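**Q** Keeping their order, the protein sequence lines are chains A and B.
Quick note: the first sequence, position 50, residue 50 per the numbering used here, numbers continuous.
Quick note: the second sequence, position 215, residue 215 per the numbering used here, numbers continuous.
Warning: the hint list may mix true and false statements.
As the list claims (entries may be wrong) - Reference listing, derived: stretches of chain B covered by chain A, where coverage requires no fewer than 3 residues with Cβ under 8 Å from a Cβ of chain A:
| no. | region |
| --- | --- |
| 1 | 48-62 |
| 2 | 282-289 |
Claimed, not checked - Here are some chain B residues the structure puts well away from chain A; computed CB gaps all over 10 Å:
| no. | residue |
| --- | --- |
| 3 | 7 |
| 4 | 11 |
| 5 | 79 |
| 6 | 81 |
| 7 | 109 |
| 8 | 112 |
| 9 | 146 |
| 10 | 167 |
| 11 | 252 |
| 12 | 270 |
| 13 | 275 |
| 14 | 278 |
Simulated from the structure, these hints should not be mistaken for lab results.
Note that the coordinates shown come from a computational prediction; the quantities given were computed from them, not determined experimentally.
Just so you know, even glycine gets a beta-carbon here, dropped at the ideal spot from N, CA and C.
The lines below spell out each chain.
There are 2 protein chains.
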Amino acid sequence: MSARDRRNPAALAQGVAAGDRLALARAMTLAENEQPGAHAMLSALFPRTGQARIIGVTGAPGTGKSTLVTALAKAYRNAGLSVGIAAVDPSSPFTGGALLGDRVRMRALSGDDGVFMRSMATRGSLGGLAKATNEIVMLLDAAGFERIIVETVGVGQAEVEIARTAHTTLVVEAPGLGDEVQAIKAGILEIADILVVNKADRPGADRTIRALELMLELGADEPRYAGHHGIIRYPAGQESPLPGHEWQVDVLKTTAVNGAGVEALCGHIEAHWAWLEESGELAVRGRQRIAYALESIIRAELNQRVAAAMPQTDVDRVIDAIYAHETDPYQAAAKLLSPENAEG
Amino acid sequence: MSARDRRNPAALAQGVAAGDRLALARAMTLAENEQPGAHAMLSALFPRTGQARIIGVTGAPGTGKSTLVTALAKAYRNAGLSVGIAAVDPSSPFTGGALLGDRVRMRALSGDDGVFMRSMATRGSLGGLAKATNEIVMLLDAAGFERIIVETVGVGQAEVEIARTAHTTLVVEAPGLGDEVQAIKAGILEIADILVVNKADRPGADRTIRALELMLELGADEPRYAGHHGIIRYPAGQESPLPGHEWQVDVLKTTAVNGAGVEALCGHIEAHWAWLEESGELAVRGRQRIAYALESIIRAELNQRVAAAMPQTDVDRVIDAIYAHETDPYQAAAKLLSPENAEG
Chain A
1 MSARDRRNPA ALAQGVAAGD RLALARAMTL AENEQPGAHA MLSALFPRTG QARIIGVTGA
61 PGTGKSTLVT ALAKAYRNAG LSVGIAAVDP SSPFTGGALL GDRVRMRALS GDDGVFMRSM
121 ATRGSLGGLA KATNEIVMLL DAAGFERIIV ETVGVGQAEV EIARTAHTTL VVEAPGLGDE
181 VQAIKAGILE IADILVVNKA DRPGADRTIR ALELMLELGA DEPRYAGHHG IIRYPAGQES
241 PLPGHEWQVD VLKTTAVNGA GVEALCGHIE AHWAWLEESG ELAVRGRQRI AYALESIIRA
301 ELNQRVAAAM PQTDVDRVID AIYAHETDPY QAAAKLLSPE NAEG
Chain B
1 MSARDRRNPA ALAQGVAAGD RLALARAMTL AENEQPGAHA MLSALFPRTG QARIIGVTGA
61 PGTGKSTLVT ALAKAYRNAG LSVGIAAVDP SSPFTGGALL GDRVRMRALS GDDGVFMRSM
121 ATRGSLGGLA KATNEIVMLL DAAGFERIIV ETVGVGQAEV EIARTAHTTL VVEAPGLGDE
181 VQAIKAGILE IADILVVNKA DRPGADRTIR ALELMLELGA DEPRYAGHHG IIRYPAGQES
241 PLPGHEWQVD VLKTTAVNGA GVEALCGHIE AHWAWLEESG ELAVRGRQRI AYALESIIRA
301 ELNQRVAAAM PQTDVDRVID AIYAHETDPY QAAAKLLSPE NAEG
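Given the sequences, and given the hints that come with them, work out the whole structure.
**A** Shown next as C-alpha cells:
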C-alpha cells in the first residue's frame with residue numbers, strides 16, 4: 001500500500017477487508033485517534049462484521065491473565081482458527097510496563113499471520129477507551145479473525161464493562177492473591193460466564209476454587225448484571241434465557257504457563273457458544289453489544305459538539321469564577337449549556 | 001428534622017450546614033440518585049466548600065487500603081480533626097462484600113461524631129460515579145469536615161481519576177502481591193504524591209520499596225499526569241510548581257493494622273499540604289478539581305437531554321436495524337442526533 005493510501009480511510013477499509021496487516025494496524029490507529037474519516041471507514045466495514053466469536057478475559061493483576069490469553073490464542077491456532085487480541089491495559093506513561101509485557105508476549109505469537117495483537121492504554125477518557133476497544137474488535141472482525149480475545153485488567157468498572165461486551169466472559173482468579181474477600185470486593189464475579197483459577201499448581205488453589213464455588217452458590221438466585229450507561233437503556237433480555245436453559249457458571253483450573261487445562265477451557269468456551277445459540281442469548285448479547293457501541297459513538301459526538309461550542313477561554317473564565325466562589329459549578333454548567341451562550 | 005424536611009432540598013442544605021448527620025446522609029442520597037433539587041441543594045452549599053483538605057487513597061485490592069484509611073482517620077481524630085470518608089468500591093450486587101467490609105470498619109470508628117463515612121458502589125455509569133463522588137466530597141466539605149479521605153480501588157482508570165481530584169494522593173502498595181511488574185502495569189504510580197508500602201511487617205517489604213524507588217528514579221524526568229476527559233481541557237499548570245519547588249515523591253512504610261508508620265504518614269501529608277501552598281500548586285489543583293466537577297455536571301446534563309430526545313422505542317428499532325445489518329452504528333448515531341430527528 002502506498003504512503004498516500006495509508007491515510008486514506010477508503011483505501012484502509014479495502015486493505016482491512018483484503019487481510020492486509022499493515023492496513024489493519026493503520027486503521028486501528030485512525031480509529032483510536034478519532035481521526036477524520038475513521039467513522040466512514042468503520043461504516044464501510046460494518047457489513048463484514050458479526051462473524052467472530054468474542055471472548056472477554058478479565059481479572060486482577062497477578063492472576064496470569066496475559067499468559068492465559070497467550071495460551072488460549074495458541075490453542076485456537078492449533079485448532080486452525082485465526083485469533084485477534086485486543087489487550088486493554090492501564091499502562092503508565094513513564095514505566096512502559098504494559099508495552100514490555102506485550103513485547104514478550106508478541107514474541108511467543110510472532111511470525112504467525114493467523115494472530116493479530118493490539119494493545120491499548122487507558123490514558124485519556126474512559127468513554128473513549130470503551131469506544132476504541134469496540135472499534136478495534138470491529139476491525140479484527142471485519143478483517144476475518146475468527147476468535148477475538150478482549151483482555152482487560154478487571155478491577156475497574158470500565159474494564160469490566162468492556163469485557164462484558166464479549167459473547168463469553170472469563171473472569172480469572174489465582175491462589176494466594178490475599179484474602180478471598182478481595183475477589184468479592186473486585187465485584188466482577190457476576191459478569192463471569194466461566195470462572196478460571198489460573199496458576200492452579202500453586203498452593204491454595206483448591207481453597208480458592210471452593211471459595212469461588214461457595215460464592216456462586218450464594219449468588220445463584222441473583223439476577224445477572226445488566227449494563228446501563230446513562231443514555232441508552234440496554235435491551236433487557238428478560239425473555240432470555242429460555243426456561244430450562246440457564247447457563248451454569250463453572251470454575252475451571254488452568255496453569256497457563258505450561259498449558260495445563262487450556263484445552264478444556266477452550267472446550268468450555270465452545271460449549272458456552274452452543275448455549276448462547278440454543279438459548280436465544282446470542283441475539284440478546286448481540287443487541288447489547290450494539291447498544292454499547294451506539295452509546296459510545298453518541299457520547300463521542302456529543303463531547304465534540306459541546307467542546308466545539310465552549311471556547312476554552314470561556315471555560316477558563318468560568319473555572320476562575322467558581323474558584324473565587326463567585327458562582328458554583330451547577331449554575332456555571334447550566335449557563336455554559338444554555339442556547340443563549342451557544343448563540344452569543 | 002421532620003419527615004417532610006428530609007426530602008426538601010433547601011431544608012437538607014440547612015441541615016448539612018448545621019452539622020445534622022441525618023440531613024447529611026439524606027443529602028448524599030439525593031445527590032447520588034440525582035433526584036430533583038439535588039443540584040439546587042449543592043448550589044446552595046457551594047459557598048461553604050473549599051475548607052477541607054482532601055486526601056485520595058488508591059491501590060490494588062489486597063494492599064490493606066481500607067485498614068490504612070481507618071488508621072489515618074483515627075490519627076486525625078487523635079489530633080482533634082474531624083474526618084469524612086468517601087469509599088468508592090466496585091461492590092458486587094450479589095456478594096455484598098464491600099458492605100460487609102465497611103460495616104466492620106464503621107464499628108471501629110462508630111460512636112464518634114467527628115467521623116462520617118459514606119461508601120459508594122461503582123454500579124451504573126462511570127461518569128455518574130465520578131460526579132457522585134465529587135458531590136459527596138462537596139457535602140462533607142460543606143458540613144465542616146476538616147480532612148476528607150477519598151478511598152478508591154485503584155487499578156481502574158476511573159478510580160484513579162477520582163482519587164486524582166484530591167489535594168494529596170497516596171498510592172498504596174503491599175509486599176507479595178505477585179510480581180513488581182504488576183505495580184507497573186497498574187499504571188497508577190504517576191498520580192502518587194506519596195507512595196505507601198503497607199503491610200510493611202511482611203516478608204519482601206524492602207524489596208517492594210526498592211522496586212518502587214527504582215521506578216520513581218526512572219520516571220523522575222517524566223511530566224506529571226494531566227487529566228483530560230474529552231470536553232474540558234484542564235488548567236494545565238505549566239507554570240507550576242515554581243522552579244526549585246518540585247515535590248519529591250517518597251516511599252513510606254506503614255503497618256496499618258497496628259498503626260506503625262501512620263503518624264509519620266500524617267506528618268508527610270501535612271508537609272505535602274505546606275508544599276501545595278508555597279509552590280502555588282494548591283491553586284492549580286483547586287482549578288483542576290473545579291474543571292473535573294464542571295465536566296461531570298455537563299456530561300450528566302447532556303446525557304439527560306439526549307436520553308429525553310431519544311424515545312426508547314426509536315432506540316430499540318435502531319438497534320434491531322443495526323443487528324440486521326440494515327444500517328451501521330455510525331450512520332444510526334448521526335441520524336439519532338440529527339436536528340430533524342429531534343423535531344420529528
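**Q** None of the hints should be skipped; say for each whether it holds.
**A** Cross-check of the supplied hints:
1. 48-62: holds (count 4)
2. 282-289: With 3 residues closer than 8 Å to chain A, the region 282-289 of chain B meets the three-residue bar; holds.
3. 7: holds, 19 Å
4. 11: holds, 18 Å
5. 79: holds, 28 Å
6. 81: Residue 81/B is indeed farther than 10 Å from all Cβ atoms of chain A, at 23 Å.
7. 109: Holds, since 19 Å exceeds 10 Å.
8. 112: holds, 25 Å
9. 146: holds, 19 Å
10. 167: holds, 14 Å
11. 252: holds, 20 Å
12. 270: Nearest chain A Cβ is 23 Å from residue 270/B, so the label holds.
13. 275: Answer for residue 275/B: holds, closest chain A Cβ roughly 20 Å.
14. 278: holds, 19 Å
Checked against the numbered hints listed earlier, the structure breaks none of them; every hint is satisfied.
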